[in-house]
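**Q** The residues making up each chain are set out below.
Number of protein chains: 2
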Amino acid sequence: MQSLQEKAAAWSGVEAADAFAIDETNLFQKLGLQTFINLSTHFYTRVYDDEEEWFRSIFANSKKEEAIQNQYEFFVQRMGGPPLYSQRRGHPALIGRHRPFPVTHQAAERWLHHMEKALESTPDIDADSKVKMMNFFRHTAYFLVAGDELKNKKQEPSCKCKHGGCKSAAP
Amino acid sequence: MQSLQEKAAAWSGVEAADAFAIDETNLFQKLGLQTFINLSTHFYTRVYDDEEEWFRSIFANSKKEEAIQNQYEFFVQRMGGPPLYSQRRGHPALIGRHRPFPVTHQAAERWLHHMEKALESTPDIDADSKVKMMNFFRHTAYFLVAGDELKNKKQEPSCKCKHGGCKSAAP
Numbered sequence: 004m005q006s007l008q009e010k011a012a013a014w015s016g017v018e019a020a021d022a023f024a025i026d027e028t029n030l031f032q033k034l035g036l037q038t039f040i041n042l043s044t045h046f047y048t049r050v051y052d053d054e055e056e057w058f059r060s061i062f063a064n065s066k067k068e069e070a071i072q073n074q075y076e077f078f079v080q081r082m083g084g085p086p087l088y089s090q091r092r093g094h095p096a097l098i099g100r101h102r103p104f105p106v107t108h109q110a111a112e113r114w115l116h117h118m119e120k121a122l123e124s125t126p127d128i129d130a131d132s133k134v135k136m137m138n139f140f141r142h143t144a145y146f147l148v149a150g151d152e153l154k155n156k157k158q159e160p161s162c163k164c165k166h167g168g169c170k171s172a173a174p
Numbered sequence: 004m005q006s007l008q009e010k011a012a013a014w015s016g017v018e019a020a021d022a023f024a025i026d027e028t029n030l031f032q033k034l035g036l037q038t039f040i041n042l043s044t045h046f047y048t049r050v051y052d053d054e055e056e057w058f059r060s061i062f063a064n065s066k067k068e069e070a071i072q073n074q075y076e077f078f079v080q081r082m083g084g085p086p087l088y089s090q091r092r093g094h095p096a097l098i099g100r101h102r103p104f105p106v107t108h109q110a111a112e113r114w115l116h117h118m119e120k121a122l123e124s125t126p127d128i129d130a131d132s133k134v135k136m137m138n139f140f141r142h143t144a145y146f147l148v149a150g151d152e153l154k155n156k157k158q159e160p161s162c163k164c165k166h167g168g169c170k171s172a173a174p
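Protein chains in written order, with the working numbering: chain P, 4 to 174; chain Y, 4 to 174.
One chain only, chain P, in its complex shape (with noise of 0.2 Å):
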């Protein structure tokens, strides 16, 4: 069975040593608070107004201000700055955060779309860090397309069995 992390790189076409190479620079360092809002703002900007109601719909019961200031603080925390996301609402916990949305293939790439014209709208995101963060992107949103796919797998019961992925009861 292949792991979230497997199915996301299959999927995605980023492995994760391209996704997390976020790590290798300070991006908050880098790029300041500001940026971030900014990003976030046109990133939501965008999705609020789409034009594929399909998509925009998935957004209907969230406020566009908390949109936006729940991306950044999540952002601005994983990419080297202050634990924001985390002081306000806990661990980020993607795929349970996630689990009320319907996130397939089809929604992760217009996600995507909006991203990349979000970054592109951005002028003080150097090239260097716009593809860091699309590749920690592309690779995330197949991340959480993998992470969809449980809610549709049943519980299966706890098994003592040696061999491990047995679909008996337990005795």
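Just so you know, these hints were derived from the structure itself, not from any lab.
Hints may contain errors.
Given that identical chains are not distinguished, each listed pair holds provided it fits within a single copy or across any two copies.
What the hints assert, rightly or not - DSS-like cross-link-like pairs, simulated, lysine-lysine; straight-line CA separation at most 30 Å:
1. K133 / K120
2. K67 / K154
3. K10 / K156
4. K133 / K156
5. K67 / K133
Could you slot chain Y onto chain P? The hints should help.
**A** Relative to the frame of chain P, chain Y by itself:
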């Protein structure tokens, strides 16, 4: 409706501000890699030998050596060290990755009991770091109990009304 972190704070008795006080100092720099390896080794040695069969059986399909590595790599990454966990396994995704396991209040308390004993068996961890780490562990354990409850929640159809929280199917 209470959020995940509100439930975690209420059930654990540890507010997010105290749980994430681990970020005020760099515990990895203070303690070093070997101390984290020792802590997780002490912890899982207790867990895999637990006289409480119901708790021990939760880990029956995982190898002890892998459980140790997964845990100390996550702790190292979360407490100021290099991102060992993500480079090997991707995002921590704490709720998603705990999905196969029954994370009940009782299981959280048993986990915390073993971790408290493991901390006591690791003399290289000073008293102040121990308090910070136990607060983080206690809050996180109940964050995962809150996350576990999501498994039993039915997916609600997405709703396009302006009120939010509406349970009727979208037109």
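**Q** Please go over all the hints and tell whether each is borne out by the structure.
**A** Hints and how they fare:
| no. | hint | in the structure |
| --- | --- | --- |
| 1 | K133 / K120 | within (11 Å within a copy, 45 Å between copies) |
| 2 | K67 / K154 | both (26 Å within a copy, 27 Å between copies) |
| 3 | K10 / K156 | both (16 Å within a copy, 26 Å between copies) |
| 4 | K133 / K156 | neither (35 Å within a copy, 38 Å between copies) |
| 5 | K67 / K133 | within (24 Å within a copy, 40 Å between copies) |
Violation of the numbered hints given earlier is confined to hint 4; every other hint is satisfied by the structure.
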